[in-house]
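Peer 1: These protein sequence lines are chains A and B, in that order. Oh and the first sequence: position 384 is 396 in the numbering used here, straight run, nothing missing. Oh and the second sequence: position 40 is 52 in the numbering used here, straight run, nothing missing.
There could be a bad hint or two in this list.
As the list makes no split between identical chains, a pair holds if one copy fits it or if it spans any two.
[Unchecked claim] Cross-link-like lysine-lysine pairs, in silico, DSS-like; alpha carbons within 25 Å at most:
| no. | residue 1 | residue 2 |
| --- | --- | --- |
| 1 | 133 | 333 |
| 2 | 374 | 61 |
| 3 | 133 | 331 |
| 4 | 133 | 374 |
| 5 | 374 | 388 |
| 6 | 62 | 52 |
| 7 | 61 | 331 |
| 8 | 331 | 62 |
| 9 | 252 | 388 |
| 10 | 52 | 331 |
| 11 | 52 | 252 |
| 12 | 364 | 62 |
FYI, nobody ran anything at the bench for these hints, they're computed from the structure.
2 protein chains.
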Amino acid sequence: MERIGIGFLGCGNIGSGVFRLLEEQGEQIERNEGVTFEVKRVLVRSLQKKRACRVPEELLTDRVDDVLNDPQISIVMEFMGGVEPAASYMIRALSAGKTVITANKMALATRWQDIWEAARKHGAGLYYEASVCGAIPIIRALTDSLQANRIHSVMGIINGTTNYILSRMSSEGAAYEDVLAQAQRLGLAEPDPTADVEGYDAAYKLSILSTLAFHRHVPVECVYREGITEITPLDVQCGKAFGLTLKLLAIAKEEDGRIQVRVHPTFIPDAHPLASVSDSFNAVHIDGHACGEMMFYGRGAGDYPTASALVSDLIKAAKSKRHAWPAVQGEVSQVADDWTCVHFIRMLAVDKPGVLSMVSGKLAEHGVSIASMMQKDRDPHTGYAQLVFLTHRAGERAVRRALSEMDAQMVSQVRIIRVEGDERSI
Amino acid sequence: MERIGIGFLGCGNIGSGVFRLLEEQGEQIERNEGVTFEVKRVLVRSLQKKRACRVPEELLTDRVDDVLNDPQISIVMEFMGGVEPAASYMIRALSAGKTVITANKMALATRWQDIWEAARKHGAGLYYEASVCGAIPIIRALTDSLQANRIHSVMGIINGTTNYILSRMSSEGAAYEDVLAQAQRLGLAEPDPTADVEGYDAAYKLSILSTLAFHRHVPVECVYREGITEITPLDVQCGKAFGLTLKLLAIAKEEDGRIQVRVHPTFIPDAHPLASVSDSFNAVHIDGHACGEMMFYGRGAGDYPTASALVSDLIKAAKSKRHAWPAVQGEVSQVADDWTCVHFIRMLAVDKPGVLSMVSGKLAEHGVSIASMMQKDRDPHTGYAQLVFLTHRAGERAVRRALSEMDAQMVSQVRIIRVEGDERSI
Numbered sequence: 013m014e015r016i017g018i019g020f021l022g023c024g025n026i027g028s029g030v031f032r033l034l035e036e037q038g039e040q041i042e043r044n045e046g047v048t049f050e051v052k053r054v055l056v057r058s059l060q061k062k063r064a065c066r067v068p069e070e071l072l073t074d075r076v077d078d079v080l081n082d083p084q085i086s087i088v089m090e091f092m093g094g095v096e097p098a099a100s101y102m103i104r105a106l107s108a109g110k111t112v113i114t115a116n117k118m119a120l121a122t123r124w125q126d127i128w129e130a131a132r133k134h135g136a137g138l139y140y141e142a143s144v145c146g147a148i149p150i151i152r153a154l155t156d157s158l159q160a161n162r163i164h165s166v167m168g169i170i171n172g173t174t175n176y177i178l179s180r181m182s183s184e185g186a187a188y189e190d191v192l193a194q195a196q197r198l199g200l201a202e203p204d205p206t207a208d209v210e211g212y213d214a215a216y217k218l219s220i221l222s223t224l225a226f227h228r229h230v231p232v233e234c235v236y237r238e239g240i241t242e243i244t245p246l247d248v249q250c251g252k253a254f255g256l257t258l259k260l261l262a263i264a265k266e267e268d269g270r271i272q273v274r275v276h277p278t279f280i281p282d283a284h285p286l287a288s289v290s291d292s293f294n295a296v297h298i299d300g301h302a303c304g305e306m307m308f309y310g311r312g313a314g315d316y317p318t319a320s321a322l323v324s325d326l327i328k329a330a331k332s333k334r335h336a337w338p339a340v341q342g343e344v345s346q347v348a349d350d351w352t353c354v355h356f357i358r359m360l361a362v363d364k365p366g367v368l369s370m371v372s373g374k375l376a377e378h379g380v381s382i383a384s385m386m387q388k389d390r391d392p393h394t395g396y397a398q399l400v401f402l403t404h405r406a407g408e409r410a411v412r413r414a415l416s417e418m419d420a421q422m423v424s425q426v427r428i429i430r431v432e433g434d435e436r437s438i
Numbered sequence: 013m014e015r016i017g018i019g020f021l022g023c024g025n026i027g028s029g030v031f032r033l034l035e036e037q038g039e040q041i042e043r044n045e046g047v048t049f050e051v052k053r054v055l056v057r058s059l060q061k062k063r064a065c066r067v068p069e070e071l072l073t074d075r076v077d078d079v080l081n082d083p084q085i086s087i088v089m090e091f092m093g094g095v096e097p098a099a100s101y102m103i104r105a106l107s108a109g110k111t112v113i114t115a116n117k118m119a120l121a122t123r124w125q126d127i128w129e130a131a132r133k134h135g136a137g138l139y140y141e142a143s144v145c146g147a148i149p150i151i152r153a154l155t156d157s158l159q160a161n162r163i164h165s166v167m168g169i170i171n172g173t174t175n176y177i178l179s180r181m182s183s184e185g186a187a188y189e190d191v192l193a194q195a196q197r198l199g200l201a202e203p204d205p206t207a208d209v210e211g212y213d214a215a216y217k218l219s220i221l222s223t224l225a226f227h228r229h230v231p232v233e234c235v236y237r238e239g240i241t242e243i244t245p246l247d248v249q250c251g252k253a254f255g256l257t258l259k260l261l262a263i264a265k266e267e268d269g270r271i272q273v274r275v276h277p278t279f280i281p282d283a284h285p286l287a288s289v290s291d292s293f294n295a296v297h298i299d300g301h302a303c304g305e306m307m308f309y310g311r312g313a314g315d316y317p318t319a320s321a322l323v324s325d326l327i328k329a330a331k332s333k334r335h336a337w338p339a340v341q342g343e344v345s346q347v348a349d350d351w352t353c354v355h356f357i358r359m360l361a362v363d364k365p366g367v368l369s370m371v372s373g374k375l376a377e378h379g380v381s382i383a384s385m386m387q388k389d390r391d392p393h394t395g396y397a398q399l400v401f402l403t404h405r406a407g408e409r410a411v412r413r414a415l416s417e418m419d420a421q422m423v424s425q426v427r428i429i430r431v432e433g434d435e436r437s438i
């Protein structure tokens with residue numbers, strides 16, 4: 013029986029989850045995998061704080077050196093979150109030849125090059141399955157299962173909070189603010205929800221996923237990002253009328269030799285596999301030239317789902333005689349800042365002759381053609397109505413240019429939401 | 013650069029797919045994974061036959077020894093299908109210390125013990141990701157990602173042909189025979205469809221999945237099996253009225269310490285993630301104590317999706333310094349032959365007072381309670397109508413006993429279809 017000493021950096025919800033899961037399943041893991049894990053030291057901020065697991069007091073320390081310099085510890089699990097000091101600690105552990113296991117997408121996405129350089133240079137293992145989509149083995153899918161594929165696209169619902177909010181807005185017709193407040197009460201959204209609702213969290217994860225999918229480092233700064241705070245029940249409702257479901261999607265695509273990486277509210281056809289992923293569930297849809305269409309669905313957060321991925325990394329690390337590093341050659345030289353897709357356009361228009369001709373004329377001038385149109389919510393007193401269009405596939409820049417040139421006397425409050433998925437099914 | 017010689021046993025659609033994928037992606041694999049594969053010999057039945065790939069003639073042979081005895085070949089890929097001679101060839105290759113990669117669920121399920129014994133005894137690698145659900149990395153999910161879980165259940169749509177047939181029956185209200193004929197024309201069903209439509213193919217795959225999920229060998233003979241040939245458009249339609257979708261599910265569960273393994277037509281709530289898996293797609297739903305609910309979705313068959321999994325096994329095998337064998341301890345001592353679930357019961361009943369009281373009375377006598385009921389298709393001339401019930405969770409044996417005791421003058425043509433999924437959402 014191989015005995016492996018591990019050290020924890022941090023012991024909040026996730027760390028406690030790992031501790032409890034190891035306690036609970038240690039015997040099964042021993043029997044099935046032939047390896048025993050022993051938690052040797054646990055770095056915490058406060059030695060007194062109450063924890064969600066029963067770590068023996070003598071293991072607790074508030075000095076990081078007690079973990080990083082302990083020769084009995086060969087695997088360091090990082091649960092601190094945030095970029096610093098987590099990244100520096102990981103780099104120190106790797107530089108000491110220790111294996112690092114982390115769920116920290118933020119540190120990983122922000123300091124990708126430094127962290128990997130440390131791992132490579134010192135022949136140390138680095139495992140991060142839990143950094144994207146909790147229990148879903150999406151990292152392994154890209155690195156260990158789809159290696160023979162040219163990946164065309166990765167599209168994911170990779171933030172549970174925003175998916176919960178959009179699902180509720182869709183099922184109840186509720187307003188963003190109300191659902192957010194409800195999510196905060198349920199502990200599904202942070203008191204400061206910015207990282208989730210503005211798409212930062214998804215952007216970190218997309219940086220990691222796209223780097224693995226395209227074998228070139230995609231820095232998080234390259235990810236175009238737009239949150240869900242401006243979404244209204246009317247958007248959701250108009251989409252429904254066209255058979256579309258609204259999701260915050262993280263999208264990575266290779267098109268015409270250029271990589272697109274973007275996080276933004278996106279309509280997808282109701283029949284798309286991602287459309288039925290609701291509540292706080294996550295899912296990633298992959299299109300590869302050999303595997304075809306695939307989807308991976310599950311719990312993207314939570315102590316136990318995340319611990320499930322972390323302990324699987326622990327077992328993988330322990331059983332690897334030689335660590336594997338992802339096949340990433342250099343950095344992407346350029347990401348696309350314009351892309352082609354179907355556009356959902358909604359605007360407030362005066363209901364009089366000439367408006368439709370002005371709108372369609374302007375769009376046509378820029379090569380944008382309309383696939384379908386509806387008028388909604390005409391107010392007999394003001395004479396205003398909502399005009400909603402779906403375009404055929406068109407360049408986003410062209411669409412924006414056309415909209416900027418429209419007669420402001422006739423239309424205002426223009427909103428664009430991108431639409432993804434097979435155009436024939438829209 | 014590591015160069016690895018491989019030998020093919022068989023070169024039909026799947027073998028040709030692997031050959032083409034290696035030709036096409038060889039360079040990417042070399043660059044990313046640091047390994048080159050060279051096909052050294054290809055065993056075929058007829059040297060003259062036309063093939064879907066350009067194997068150089070000098071590699072072809074009709075003598076298996078040319079592959080198995082070639083010292084330059086360290087990995088043997090088996091694409092012959094069927095139990096024999098495939099199993100014997102695999103065992104010979106393993107006994108010679110060669111790694112075996114196979115998509116052959118039938119040989120694997122039928123000869124599990126013999127094949128693994130040969131692998132273990134000779135320290136040889138055995139990889140079989142492609143044997144279940146083509147491109148979907150479901151084997152890896154169970155062996156490499158969910159090791160820390162106690163798996164409660166595995167439920168899958170793991171046969172594409174039957175899923176295509178049931179999807180068409182559902183969307184078009186068509187009869188089984190008509191859709192089968194259509195599937196045969198499209199090449200989605202074999203001229204002799206028995207293996208698919210009677211659930212044999214799914215049973216082989218379920219034997220493999222449940223063995224890995226529960227860490228004990230579940231012989232294929234233990235799998236309860238019922239095909240889809242008796243399903244009528246009326247069944248599908250009545251299910252719809254209750255918000256249920258009909259699928260051929262392969263189900264493995266651990267309940268009350270006993271393992272259930274069964275393949276049969278199953279209703280699931282429309283909102284269940286498996287319900288929207290249509291056409292020839294496959295998906296596997298897993299419920300684990302730590303990971304929670306997960307689903308893996310994709311192409312379960314086809315030359316390229318299957319080759320995607322086979323080549324990923326090839327890379328994994330080539331990069332493994334030490335092969336891993338699944339953690340399986342002994343054989344299951346007993347599988348359940350009775351189980352508890354919601355039952356859909358449909359019967360032809362004379363439309364007169366007392367029928368409902370007789371039916372519900374008999375059910376109650378055996379502890380079966382009714383959750384909902386509807387009457388359908390009453391014929392004013394004959395006075396007969398369809399009575400359709402959903403029970404609360406009940407033991408199947410109790411349900412069958414109750415039905416067998418019913419007054420044959422009042423009800424006939426009784427059909428039972430099992431219902432799975434969260435009872436609250438039915």
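Peer 1: So, for every hint listed, does it hold in this structure?
Peer 2: To see whether the hints hold, each was checked on the structure:
1. 133 x 333: both (17 Å within a copy, 21 Å between copies)
2. 374 x 61: neither (63 Å within a copy, 60 Å between copies)
3. 133 x 331: This pair counts as both: shortest intra-copy Cα distance 21 Å, inter-copy 20 Å.
4. 133 x 374: For residue 133 and residue 374, neither the intra-copy (57 Å) nor the inter-copy (74 Å) Cα distance is at most 25 Å.
5. 374 x 388: within (21 Å within a copy, 55 Å between copies)
6. 62 x 52: within (19 Å within a copy, 63 Å between copies)
7. 61 x 331: neither (34 Å within a copy, 45 Å between copies)
8. 331 x 62: Result: close neither inside a copy nor across copies, 34 Å intra and 44 Å inter.
9. 252 x 388: within (13 Å within a copy, 32 Å between copies)
10. 52 x 331: within (19 Å within a copy, 31 Å between copies)
11. 52 x 252: Result: close neither inside a copy nor across copies, 54 Å intra and 56 Å inter.
12. 364 x 62: So residue 364 and residue 62 fail the 25 Å test inside a copy (66 Å) and across (67 Å) alike.
In the structure shown, a violation is registered for the earlier hints numbered 2, 4, 7, 8, 11, 12, in ascending order.
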